[in-house]
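**Q** Single-letter residue listing:
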Amino acid sequence: MPVTRGFSRRRPDSGGRLPPGQYDVGGSWPVLTAEATPRIDPQSWTLAVEGLVDEPTTWTWDEVHQLPTSSFRGDIHCVTTWSKFDVAFTGVSVDTLLEVAGPQDDAAFVMAYSTTGYTTNLPLSDVTGGRAWVVWDYGGKPLTAEHGGPVRLLVPHLYFWKSAKWISRLELTAGDRPGFWETNGYHDRGDPWLEQRYQGDA
Amino acid sequence: MSDSFAPVGAGATAWTTGRIITKEMPAPHLVRLRMHVEDRQRHRPGQHYLIRLRAPDDYTAQRSYSVASHDEDPLVEFLVERLPGGEVSEFLADVAEVGDVLEMRGPIGRWFRWDVSTPALCLVGGTGVVPAVSMTRAARHLGRADLLRVVAVGRSPDELPYASELAEAGATIAFTRHTADDRPPGAPTVKELTPLLAGVEVAYVCGSARFAQLAEDLLVASGFSPEAIRVERFGVTG
Chain A
0 MPVTRGFSRR RPDSGGRLPP GQYDVGGSWP VLTAEATPRI DPQSWTLAVE GLVDEPTTWT
60 WDEVHQLPTS SFRGDIHCVT TWSKFDVAFT GVSVDTLLEV AGPQDDAAFV MAYSTTGYTT
120 NLPLSDVTGG RAWVVWDYGG KPLTAEHGGP VRLLVPHLYF WKSAKWISRL ELTAGDRPGF
180 WETNGYHDRG DPWLEQRYQG DA
Chain B
0 MSDSFAPVGA GATAWTTGRI ITKEMPAPHL VRLRMHVEDR QRHRPGQHYL IRLRAPDDYT
60 AQRSYSVASH DEDPLVEFLV ERLPGGEVSE FLADVAEVGD VLEMRGPIGR WFRWDVSTPA
120 LCLVGGTGVV PAVSMTRAAR HLGRADLLRV VAVGRSPDEL PYASELAEAG ATIAFTRHTA
180 DDRPPGAPTV KELTPLLAGV EVAYVCGSAR FAQLAEDLLV ASGFSPEAIR VERFGVTG
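Heads up: the protein sequence lines correspond to chains A and B, in order. Here numbering that gives the first Met the number 0 is used: position 76 in the first sequence is 75, and no number is missing along the way. Here numbering that gives the first Met the number 0 is used: position 98 in the second sequence is 97, and no number is missing along the way.
Isolated chain A, as found in the complex:
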């Protein structure tokens, strides 16, 4: 593609920290949602891990807090082109949940469900190996509703629509099925370093 007349880089080089086509949003954290923001009472919220697992398991708010906690500090990337550096979340590693539930041999994908009905699909390999969390704490404070609180999924190495807000269920499946944004034109995997934004991207 040709150079845009009159356009030049005005922002400093990120030193390889920004995936292609992204920019550093700095201190703000834009809110992007497709649905009305739900108000969820943590005491009535539950998290289920089911599907192709040996022990389908449901945790209450208190029960999930009894599990060993795990924190992430790093960068997040939204498909709308903002990236945010050095965010810190705490919750529980998805590995910990799966250790309890016990994925079966033919489990290869996960569908994440929100209380709102929002869904997003991921390869199982993208939520295992210390790369995905269910989190309730952001920067030392309870995660707010607009950012997915009380509890959201966090898969920071993929575009942030994969990090489903208001998470309530993980279903392990053998085959891949598109979730909400994936049905609505977005990429099935969403790796920001490969710029997998929309259907049609490699």
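Among the clues, some could well be false.
What the hints assert, rightly or not - Covered, in the sense of this in silico footprint (three residues per stretch, anywhere, with C-beta under 8 Å from a C-beta of chain A), are these stretches of chain B:
#1 48-60
#2 89-95
#3 103-113
#4 223-232
As the list claims (entries may be wrong) - A short list of chain B residues far from chain A (calculated; beta carbon distances all over 12 Å):
#5 Thr16
#6 Ile20
#7 Thr21
#8 Ser63
#9 Glu71
#10 Leu74
#11 Gly85
#12 Ser116
#13 Pro118
#14 Arg139
#15 Arg154
#16 Thr178
#17 Ala179
#18 Asp180
#19 Arg182
#20 Pro183
Source of the hints: derived by calculation from the structure; they are not laboratory data. By construction, the Cβ of each residue, glycine as well, lies at the ideal position given by its N, Cα and C atoms.
Model the placement of chain B on the given structure of chain A, informed by the hints.
**A** Using the frame of chain A, we list chain B on its own:
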């Protein structure tokens, strides 16, 4: 919800180019571009395009912008708010000229998209009016203005783009800091909204994060089901 033209705006998209045919500044912080898009795909009101700028060192910046025009318009229209420090919006407002060619990709988005057959209400604020403009134009073009109700909210006439076009088409205009036609300044009320929701099956909310939250709360307070609300929020993009 029926979608009688399902393929429209539903396919995979690829990068193409578009040429600026007209450029206007309806207000100092607003730029309206009408563009000829190469290999253009059909779109549904509510969808958006990406515009990408490319520097000589191959650095790129891209943002998404809602389409204001309807599908039968020979050009694709955008209304962009110039955000201080916004590397794309400042370029479009300050540097871009008629005749310039930009990289474009669209239409994007199959969720915040109206099929022009389901009875709908738009509750939009500020530059969030843009998808409501596209929906209004599409409804009029297809002779189905009866299917759409629009409530557009802005501080004052100067800060609500397309206000006169929408008002002419029958929209309810609510100025929060300005008296118009005996309507005192203020956000829309449950009393104003409730009658407009009769028969409506889907509500589209578009605006800032703050506006979107107010709009969602107002719809729910007016008895509308949260499951039937579709939201497009924008914050600091630029």
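**Q** Against chain A, does threonine 16 of chain B hold up as non-interface, every C-beta pair farther apart than 12 Å?
**A** 7 Å, violated
**Q** Are there three or more residues in the stretch 103-113 of chain B whose C-beta lies within less than 8 Å of some C-beta in chain A?
**A** Held - the stretch 103-113 of chain B has 6 residues with a Cβ nearer than 8 Å to chain A, which meets the minimum of three.
**Q** Would you assess whether serine 63 of chain B, listed as outside the interface, keeps its beta-carbon beyond 12 Å of every beta-carbon in chain A?
**A** 6 Å, violated
**Q** Check the non-interface label on arginine 139 of chain B: least C-beta distance to chain A beyond 12 Å or not.
**A** 26 Å, holds
**Q** According to a criterion of three or more residues whose C-beta lies within less than 8 Å of a C-beta of chain A, is the stretch 223-232 of chain B covered?
**A** Since three or more residues must qualify, the claim that chain A covers the stretch 223-232 of chain B holds, with 7 doing so at under 8 Å.
**Q** Are at least 3 residues of the stretch 48-60 of chain B within less than 8 Å of chain A when you compare beta carbons?
**A** holds (count 9)
**Q** Could you let me know if the closest chain A CB is still more than 12 Å away from the CB of arginine 182 of chain B?
**A** Holds, since 26 Å exceeds 12 Å.
**Q** Find the nearest Cβ of chain A to the Cβ of proline 118 of chain B and say whether that gap is larger than 12 Å.
**A** Consistent with the label, proline 118 of chain B stays out of reach of chain A, its closest Cβ about 19 Å off (over 12 Å).
**Q** For threonine 178 of chain B, is the shortest CB-to-CB distance to chain A above 12 Å, so the non-interface label stands?
**A** 31 Å, holds
**Q** For glycine 85 of chain B, which was marked as not at the interface, is the minimum beta-carbon distance to chain A over 12 Å?
**A** 10 Å, violated
**Q** For arginine 154 of chain B, is the shortest beta carbon distance to chain A beyond 12 Å?
**A** Consistent with the label, arginine 154 of chain B stays out of reach of chain A, its closest Cβ about 21 Å off (over 12 Å).
**Q** Per the coverage rule (Cβ-Cβ under 8 Å, at least three residues), is the stretch 89-95 of chain B covered by chain A?
**A** holds (count 3)
Comparing the model with each earlier hint shows violations of hints 5, 8, 11; every other hint is respected.
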